[in-house]
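Given the structure of chain C, go ahead and fit chains G, Z and A onto it with the hints provided.
Protein chains: 4
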Amino acid sequence: MIIILSQDFDQQELDNLITWLENMGLEIHMSEGANTTIMGLVGDTSAVDINLLNALDCVADVKRIQEPFKKANRKFHPQDTVISLGADGAAKIGGGNFMVIAGPCSVESPEQISQIAAAVKDSGAQALRGGAFKPRTSPYAFQGMQADGIELLLEARKNTGLPIVTEIMDLNQLEFFDEVDVIQVGARNMQNFVLLRELGKIKKPILLKRGFAATIEELLMSAEYLMAGGNEEVILCERGVRTFEPLTRNTLDLSAIPIIKELSHLPVVVDPSHATGVARYVRPMSLAAVAAGADGLMVEVHNSPKTALCDGQQSITPLQFDSLAKDIAAMRVAIGQCNEGI
Amino acid sequence: MIIILSQDFDQQELDNLITWLENMGLEIHMSEGANTTIMGLVGDTSAVDINLLNALDCVADVKRIQEPFKKANRKFHPQDTVISLGADGAAKIGGGNFMVIAGPCSVESPEQISQIAAAVKDSGAQALRGGAFKPRTSPYAFQGMQADGIELLLEARKNTGLPIVTEIMDLNQLEFFDEVDVIQVGARNMQNFVLLRELGKIKKPILLKRGFAATIEELLMSAEYLMAGGNEEVILCERGVRTFEPLTRNTLDLSAIPIIKELSHLPVVVDPSHATGVARYVRPMSLAAVAAGADGLMVEVHNSPKTALCDGQQSITPLQFDSLAKDIAAMRVAIGQCNEGI
Amino acid sequence: MIIILSQDFDQQELDNLITWLENMGLEIHMSEGANTTIMGLVGDTSAVDINLLNALDCVADVKRIQEPFKKANRKFHPQDTVISLGADGAAKIGGGNFMVIAGPCSVESPEQISQIAAAVKDSGAQALRGGAFKPRTSPYAFQGMQADGIELLLEARKNTGLPIVTEIMDLNQLEFFDEVDVIQVGARNMQNFVLLRELGKIKKPILLKRGFAATIEELLMSAEYLMAGGNEEVILCERGVRTFEPLTRNTLDLSAIPIIKELSHLPVVVDPSHATGVARYVRPMSLAAVAAGADGLMVEVHNSPKTALCDGQQSITPLQFDSLAKDIAAMRVAIGQCNEGI
Amino acid sequence: MIIILSQDFDQQELDNLITWLENMGLEIHMSEGANTTIMGLVGDTSAVDINLLNALDCVADVKRIQEPFKKANRKFHPQDTVISLGADGAAKIGGGNFMVIAGPCSVESPEQISQIAAAVKDSGAQALRGGAFKPRTSPYAFQGMQADGIELLLEARKNTGLPIVTEIMDLNQLEFFDEVDVIQVGARNMQNFVLLRELGKIKKPILLKRGFAATIEELLMSAEYLMAGGNEEVILCERGVRTFEPLTRNTLDLSAIPIIKELSHLPVVVDPSHATGVARYVRPMSLAAVAAGADGLMVEVHNSPKTALCDGQQSITPLQFDSLAKDIAAMRVAIGQCNEGI
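Chains as they are written, first to last, in my numbering: chain C, 104 to 445; chain G, 104 to 445; chain Z, 104 to 445; chain A, 104 to 445.
Worth double-checking, as some hints may not be accurate.
Identical chains blur together in the list; that is why a pair holds if it fits in one copy or across any two.
Heads up, simulated SDA-like pairs for lysine to any residue below, C-alpha to C-alpha not over 25 Å straight-line [as the list claims (entries may be wrong)]:
1) K304 <-> G146
2) K306 <-> S212
3) K304 <-> P181
4) K307 <-> A250
5) K195 <-> L366
It is worth saying that the hints were derived from the structure and are not from the lab.
Only chain C is shown next, with the shape it has when bound in the complex (with noise of 0.2 Å):
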């Protein structure tokens, strides 16, 4: 962290930081020019807050020069985080192995859930997400099945073998997540940070989804929630970002793939359905996905997208996930020779 400090600074109030600083163990190299003064601080900063410091006024700016978030930092954790799902653990994401989540966008019944678990897992799916607890701008829609939802998707579990991601709205619903595989926590929770921090403490994978206007530093710091509490099976999600266009429902920003990989271990998904808002971009974005560098795609299958109780007009039958499916896996193995020929 650097703090350059006002042209007419005064000493005392300046002696008075420099103590501050000390104090929190930071190690402090004074630099004088002719007409600017700078402090460069050495040491762990994460906890110090620059709103503070910009408010004194012996100081003119603070530029910090390492990242807030060390968990999740790739450069004190070089190695690529893997994930294993499942009771076998069979189903593994990061480092090089890739995961495709698919599943309706909610649970709705029996047959429905049953039909899509099958379908999916026959195409190669290696995990099957489905909403049981809904968040719905409107009071007056469908706001899942809740817990009988998630009953519903262990049935599908027992029935595929497939591991399941469903998501958690509130602290409250936690109780019926303890057969989950992984718990997924939407774009609208992820700067929940009361939800982050209990969900730090209990053993099982997250899905973190980038709230659409956060940063990926903020995306980052939310994960850092997580894992300062001890879970450091953490998945990124990508679903797009909220923009001025209005002809997709957000814009997924695929360049966020090879920023987060560079600057964290944690592996990345990305969800085309949401972010696009439309099905029949859900196949090029998956693909682009691909290229970028995800590590997984988290894609919303429908048997029957006319008749969805939710975001139906996003959701790909099973006959085009097959064929994305298939498509996804040539990409891979091109994608595979392209890195081995660099």
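This is chains G, Z and A only, laid out in the frame that chain C set:
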């Protein structure tokens, strides 16, 4: 709601759609043109899922012509909502009543909160704000005094008579808010629907902040969650939206004020402190908010911004607040005369 | 400017960099810490290309600590710029002088412009706006009356004495602007650098609109293009930035006013008509702009908004303008008293 | 186009509106419901001004159901446009032909451009890019070699046979572009309508970059300006949009590719260099663009990025480009096989 049919729609699918819509109690008006057939839906369409309609082959496009919120809608409730706070109900907001809420970002100590409370009371503030449970981006930053902070706020209320406003972050904290006058739902929780639904069941005013990437309609839909549960005392708060401009933390959207007041009967306050993130922009943005027709302001005031444990950069001093409060009053008089002149 | 060196930089490359920087007349201060070496550059760094520095292996990061604009910078020109318009210079903006510019989006006919000009003059406007060359998104839409429109504006000036403001779209139109009082550069041309450079060589005030996705710094850099050529009479115009909010055409960024006035000595006007795109939001946003400290307003007024050939939706009537002008004056008095009170 | 009438519209005003619309050659279909009357307009509504309609008292809302562009519209031109470059027309883009355009940000010297041209030719690039007229944010920065730069590009073309792509900034520069193969219109000029209109009159392919805050529809409307004049050889370029994310210069919007290809028959290239602004993200974003279905790429290559006079930070080396070109070819094969498999 208007449904534009595909050029070559299937009559059977259309008949199914019509039956389904009629079963929802909607009246249907068909308009057949040379190239385009349009269906107008008359009735309460708030439970109709636009995404679902869009997924049908026979549907080319769907246009909504009514707002999806009802209880928050001025059409169905033309009179301004007026909310009274405090034991005597003397502090009012809405319907021409203006309220200034002031106080520190965080409660830090008995001395700090009592000094600030006394000062802002003297300057004319009608309510005291102060954070006890603090949402912080970093897990390593100060997280607020929690329940102890609320105790100190209640103590300050006893001494000054000012009703208190403080933020809840999670339902599990609700037990500590029994004595609180106004529960604040922060920007990051604007779409924490479980929290909203529960707060809709209690009898206590809620100050609901706009998410930093939320549309105005989404803000009103979140108010609808509260109101659908029976709690109609909702104060909306504009606090800036996220844009590409780096010189302010967020971009304060003051046009939200006339829009909200047109669409809804709920009172609107503006938080210039969090919006700009810079203390010296608080005064001009406060006056602009008054001029734009806001029903109130929420301003961060700290007796020692330079040592504030959070957001010191954006806090003004009691002295600056005193001057601002006078200016707000003068501006209110000018505005009142303006309105008379129309 | 501060350069943070890579942890394992090559001394030879660093020596080359130092020689190159010294040849640019910069003084260099090295600060070596345990893990980080920092170079502070003292002198005029406005010609140093940050991207170039960042591309060097020996450089980890570069932080600028000075604004890249000089002539527009208040640091080097603390006094407010005051610009006088018209033959007698009676209409002034800046340094406490407030200017209301009003008129139709487009000049449409002799009757239209003469009626509006007379009306806004009567209500107290100090300058007349009207588009002759019109930037339109569609090639099939009305493109303005072009040179004939400017003739009509000059005729209206003769009748009312109001100086005129009208937009140039291309250098090849410059011949028609000889008699124009203020040349407007539209939001879409804010970074048309060839146009800016040429307009910097003439002696005539320029009203420069902020691009709808331009940062405040970029706006000031575009002003710098004009001023670097010798034309120091630049009026800046905030007219909204593009965000995700659909209920207004753009989001008016009123915090730009205090920021610009802090960074620069140039006057700032606000265009609430284009920003919101909705006539009934023009009044509250105008008053808010005054309260925020704007030096002027540019308001669209049309005698028959319902038949305006462009942007009728956002124009107010002469009657509405008359009421607004009175309110602006009252607000200006209130603001003046506020400022005295500080 | 659909017009929703106000609840209590004036019949006389409505009759005037109907007459006016019929005079524009439009057919009108009325649909009267219990609460809402809707008018459907059939015919060519591209010249109807939505703002004008919205300003009428009798109109509650207007919804467009057709795109406002015609010549660029795939509906009226289902076949992909194929554009051939060079004397022999061997370099093709569109309709399954993929084109890689590579070269430096700026032409800097005879040696620089000839070395880079030879290198990218060897690696398989089909066209050479290089800036001669450079749009720079600062008036004090290097502005390009101008006409001399174009001479050097033509020399490089003579030596390599590669057609050249270079940017025009103003109509007054057009004389220097006689021999240029493709004229680039930069992001800042995407809505320079005078320039577009004139370039629509010449016979030379235009590469039109999306403005960094332009919607996809606006990009297509700007293409329409070119095409309305008779120039139908337009290549569209996605180069990122401005968002709140600070870790990339812009956010590359790859979903624009399938959307543009659905709405239009024009070819689309992606510029990952300007979009990300970071050399090491160019490779993953290039591969992602190919996977998403782009018709080409425009990549910055510099033989000495560290000393490039502009944008060195985002340029890759000839060696990196050679590897990337191979990967692109492999990805193209994989994509081809994917498409066969559908």
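Problem set entry | Non-conforming hints, listed in increasing numerical order | 1 and 2
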